[in-house]
Amino acid sequence: MLAPLSWLKDYVDIDITPQELEDKLFSCGFEVEELYEVGKDISKVVVGHVLECEPIPDTHLHVCQVDCGEHGTFQICCGADNVHAGGKFPAALVGATVYATAKDHKTVEGVMTIGKGKLRGVESHGMLCSGVELGVNENMYPGADYNGLLVLPEDIPVGADVKPILGLDDWIFDIAITANRPDCQSIAGIAREIAAVLGKPFKAPALDYTEDEVTIENFKVSVDCPELCPRYSAHYVHDVKIAESPLWMKRRLQLVGIGAISNVVDITNYILKELGQPMHAFDYSTLEGDTICVRRAAEGEKIVTLDETELTLTTENMLICDGVKPVALAGVMGGLNSEIKDTTTDVLFESAKFARDNIRRTSRAVGKTSDSSARYAKGVDEYATVMAMKRALHLIEELGCGKVSRMHADVNTGNSVNPHELSVSINKVNAVLGITVPNEDIVRIMTNLCFEPKIDKDTLTLQIPAYREDMEGYQDVAEEVIRMYGYDHIVPAFMPTAQVTVGGENLQQKTELRLKKALCSTGAHECIHYSFFSPSDLDLLKLPADAMERHAIRIMNPISEELSLMRTTLAASMINAVSRNQKKGNLEGRLFEIAKKFIPKELPLTEYPDERQTLCAAVFGEKESFYTLKGIAQKVADVLHVSFSYANTTKTFLHPYQTASISCEGVEVGYLGKLAYDIAEECDLRVPMYIMEIDLEVLSQWYGKKAVFTPLPKYAQEQRDLAIVVDKNVTCGEIEAVMKNACKYITSIKLFDIYEGAQIGGDKKSMAFTVLFTPKEEAFGPESVDAFVKKILKQLNKAIGAELRS
Amino acid sequence: MNANLEAIKEEIIAGAEALASAKEVYEFRKKFLDGKTGKIGLLMKEMKNIPNEEKAAYGKGVNELKEWALGFIGELDEKMKEKELLARYEAEKIDISLPAVETAEGNLHPITLVRNEIIDIFAGMGFEIYEGPEIETDYYNFTALNTPQDHPARDMQDTFYLSSEFLLRTQTSAGQIHVMEKKQPPIKILSPGKVFRSDDDATHSPMFTQMEGLVVDKGITLCDLQGMLDEFVKKIYGEGTKTRLRPSYFPFTEPSVEVDCSCFECGGKGCKLCKGTGWIEILGAGVVNNKVLENCGIDTNEYSGFAFGIGIERTAMLKYGINNIKLLFESDIKVLNQLNDK
Chain A
3 MLAPLSWLKD YVDIDITPQE LEDKLFSCGF EVEELYEVGK DISKVVVGHV
53 LECEPIPDTH LHVCQVDCGE HGTFQICCGA DNVHAGGKFP AALVGATVYA
103 TAKDHKTVEG VMTIGKGKLR GVESHGMLCS GVELGVNENM YPGADYNGLL
153 VLPEDIPVGA DVKPILGLDD WIFDIAITAN RPDCQSIAGI AREIAAVLGK
203 PFKAPALDYT EDEVTIENFK VSVDCPELCP RYSAHYVHDV KIAESPLWMK
253 RRLQLVGIGA ISNVVDITNY ILKELGQPMH AFDYSTLEGD TICVRRAAEG
303 EKIVTLDETE LTLTTENMLI CDGVKPVALA GVMGGLNSEI KDTTTDVLFE
353 SAKFARDNIR RTSRAVGKTS DSSARYAKGV DEYATVMAMK RALHLIEELG
403 CGKVSRMHAD VNTGNSVNPH ELSVSINKVN AVLGITVPNE DIVRIMTNLC
453 FEPKIDKDTL TLQIPAYRED MEGYQDVAEE VIRMYGYDHI VPAFMPTAQV
503 TVGGENLQQK TELRLKKALC STGAHECIHY SFFSPSDLDL LKLPADAMER
553 HAIRIMNPIS EELSLMRTTL AASMINAVSR NQKKGNLEGR LFEIAKKFIP
603 KELPLTEYPD ERQTLCAAVF GEKESFYTLK GIAQKVADVL HVSFSYANTT
653 KTFLHPYQTA SISCEGVEVG YLGKLAYDIA EECDLRVPMY IMEIDLEVLS
703 QWYGKKAVFT PLPKYAQEQR DLAIVVDKNV TCGEIEAVMK NACKYITSIK
753 LFDIYEGAQI GGDKKSMAFT VLFTPKEEAF GPESVDAFVK KILKQLNKAI
803 GAELRS
Chain B
49 MNANLEAIKE EIIAGAEALA SAKEVYEFRK KFLDGKTGKI GLLMKEMKNI
99 PNEEKAAYGK GVNELKEWAL GFIGELDEKM KEKELLARYE AEKIDISLPA
149 VETAEGNLHP ITLVRNEIID IFAGMGFEIY EGPEIETDYY NFTALNTPQD
199 HPARDMQDTF YLSSEFLLRT QTSAGQIHVM EKKQPPIKIL SPGKVFRSDD
249 DATHSPMFTQ MEGLVVDKGI TLCDLQGMLD EFVKKIYGEG TKTRLRPSYF
299 PFTEPSVEVD CSCFECGGKG CKLCKGTGWI EILGAGVVNN KVLENCGIDT
349 NEYSGFAFGI GIERTAMLKY GINNIKLLFE SDIKVLNQLN DK
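Protein sequences appear in the order of chains A and B. Count along the first sequence starting at 1, add 2, and that's the number in this note's numbering. Count along the second sequence starting at 1, add 48, and that's the number in this note's numbering.
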């Protein structure tokens, strides 16, 4: 929220520097996000009196002798058409900074420093300035929009700094207001806090006005939806003369970023900023039936707002209507049909409290925000609602732009705008803080906050103003005390009264970390991807319409369609990550992610979905293969002290002959395989990629399994290399199975070579294994291993037609 | 001495000249000293042909020759081996300035690293680690945390909704409620996890990571919060780091504070990292709002607590000097390669 220092000073005496005030605000919970002088870019510009002004022949320029008072008299060349001898204009001295403008003399293009120069051969020691060059417009100073010099009044002292004259010496505080303090969403609200922190009185804005005898008989306000509109007040003003607002008001609005429109509209905007209460002004002549009715819109009802757009509404939106038609979308924007025009002579002011949530939702639903809707969305209190109407009527009189009738209507749900009493235990307040704040400090702080404290033994009784809706109990009082007393009074302690607890990670968390470290040791980097993905990712994986993965949870309000579904597989994000890497020229790498996939039991959700912790790993590069990724799968098994088995399977997005399912102790836990070529092409992959997914939720049943020590064999082990020739389609797994079946002493079988070629026939392959035999009960005799081999070969031949390679 | 013996000795001396390798020395030694076939060995077999009276002298001579040959050839062997070793080393001379062979080791994600570091610190203080669900109900994410439907604080967070009841949690604070519903004090938990808000720019990601801490026990005060945070920042940012509390607002804590720590880059003098203030905002915290405790059936007359929430990405970005949060989720190998704690 923007708050000009000059405006704050209306309500409290501020006798410290802007920087000191920034620190004070910061310490009591109001972070100043930005603090700047209005004319921060303007320096060394003074009132110049043009003594002589002669045209430079054959140019549009004039050469002037400019009296700058104490700074001296300078020769300045000027191209403006309104320069003349005897005039007073802002003169930028040599070394001054002003805004540089484009050729149109209107568009600001940065800040420039004035130097000595020559124009058409004539020396110039400075520059006479326009309003734009000083960063002021018509609202800040009359005549500032003129495309020429800014004309200063004749009675102004020569040589004086122009910044105070133009309002450029003011300071703007951009203050962050926390959500619990909507009462500080206004200049007066902030001033109230400043008064409290400085220990100075708060000077409330003037609210007095005089009603005349004019009224409208039978005028009626009704609220059909009190749940959305707890308070609605209206007041009729007549004999209105629409005109420009005075400079002070226009300037203040300008400083907080609002352009001046006309006196009546400006008053509503002024009060929005001053008191934080949105107001609306209707041209009463356009209202029919001497009635205001606040109601929910009918389904499909339409209104044209004053920015001339037609909106179609639902029963969730609230309308302000006259006897016949809607005249405003409550809290968001007035209707075009009832807007204040130059010809308006009768005005009905509205000051109301609308439910913040309703305004926020309506504003979002219709895609329209206004200063009013933004303010309502933060919450408005009835104290301000009542005050604002009085202030508006006061300003009508002060500006002399209308007469205040006695026709006032007020509909409310009985909420009091008087202070309410709150009693708390001082001990409890101190117990929250852990320190003992002296009672006199508590009294001082509560007094400064206008809480009218009374202390009776341990009881602190406060009168809480209606605008402090956040004050409910001793914790709130503790917060008020400490933010004003100072957090630097807190003395660090280390839970002296707390019990000792045992901390740390549980088995699952520890195991996952071990798993991650083991995966890193294979050269894989951990990555983290968004928990949401795109419907097009499901298409990328070529998943059929009835695939489980397509049964994904949809975000109702996603950032974009690409991030609209909760992941049902981690594969798509991983493929996209590999694709991004390859596009950047990273042509080899290993990645893994451990994250949740979200499997709904029902859609839309009626109960918590199944959040399944899942591991996804990928390898890519010319050196990678199905087997390098299988090695990573084996690593996972090793870390958990389990063994995986693999079986041929297919996946819509993987190579039909290089894909395996992974099982652990007979339970399927995942898959691995090579990415299908059509998908690789779609993703612009330049090198092959292999991907694996393992459901850790299933695997977690084996977490905590310990490595079991097997005593080393008592007798010498024996090893034999066997090369056998089999049909090409016989798998390594089948051969191993047959071998193991044939001899109970085999403790390890390792394939070390595969050969295919003319020597052994086109449909055959040779596979060479190292087989380890471990004796059990007694040492192997001299011929026993040879007998085992013989038996194994016989079995291999019988089962799969294998021959020993000669 | 027997002429034969003399001849062998001379043969050995002469033959030694031509030996060029340890292998040749080995063969040479075998030629003379092999027990069965060596020339000196064969001399012993000659003994039966030697007249009895000469046997003693002959035997002595052979033995002397054998001793001498063993010593002579042994020396030769030693020298040759030494020479060969030197030659081998020399032949293997390398250019030590050639680039190192890289050992491929992956890195844990910076978020995991920071998360582990924080977990280690708090586990030592007796905090258990609890991970709640990413998909939450409105009740756990908001209502139970003193943020009812119409509460202004809901505007602070743009929530992703999945249905009228379910949403993506916007804060790990949601986990607090699950824990407090199941467990009576003393409670000390740390709850890390992914959270989601509809925000997307250079410093905001729609998904990010938080670490929520909660302590509920008898007599817990703001001083305990400050003491614990002091300990935490010293451990994570270094011994000299200080903390500063300043008032803020969260619906589930009262009083609420923002916690700044003295800038670990400049030590508080003011630099680019701390934007000249000497302080860096690191987390939000506060005394647990009684309404939250009451929602979980905890007696506020007996117990009180504090809670804090740390943004992991922010901590990681500060620690590793990352300027764009998106880099953390793009999985660029070149980026991931750099981000490690080795």
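Keep in mind that the hints are not guaranteed to be accurate.
Said to hold, decoys possible - Result set (SDA-like, lysine to any residue): computed pairs, CA atoms no more than 25 Å apart in a straight line:
1. A/Lys42 <-> A/Pro57
2. A/Lys380 <-> B/Ser246
3. A/Lys430 <-> B/Ile373
4. B/Lys367 <-> A/Pro20
5. B/Lys242 <-> A/Thr371
6. B/Lys339 <-> A/Gln510
7. A/Lys118 <-> A/Pro144
8. A/Lys519 <-> B/Lys320
9. B/Lys320 <-> A/Pro20
10. A/Lys304 <-> A/Pro203
11. B/Lys382 <-> A/Lys380
12. A/Lys519 <-> B/Lys339
13. B/Lys230 <-> A/Tyr211
As the list claims (entries may be wrong) - Selected chain B positions facing chain A (Cβ under 7 Å, derived; list incomplete):
14. Ser246
15. Ala250
16. Val335
Think of the hints as simulated: they come from the structure by calculation, not from any bench. Quick reminder that beta carbons are idealized off the backbone N, C-alpha and C, glycines included.
| Violations among the numbered hints | Hints 1, 3, 4, 5, 6, 7, 8, 10, 11, 12, 13 and 15 not satisfied by this model.
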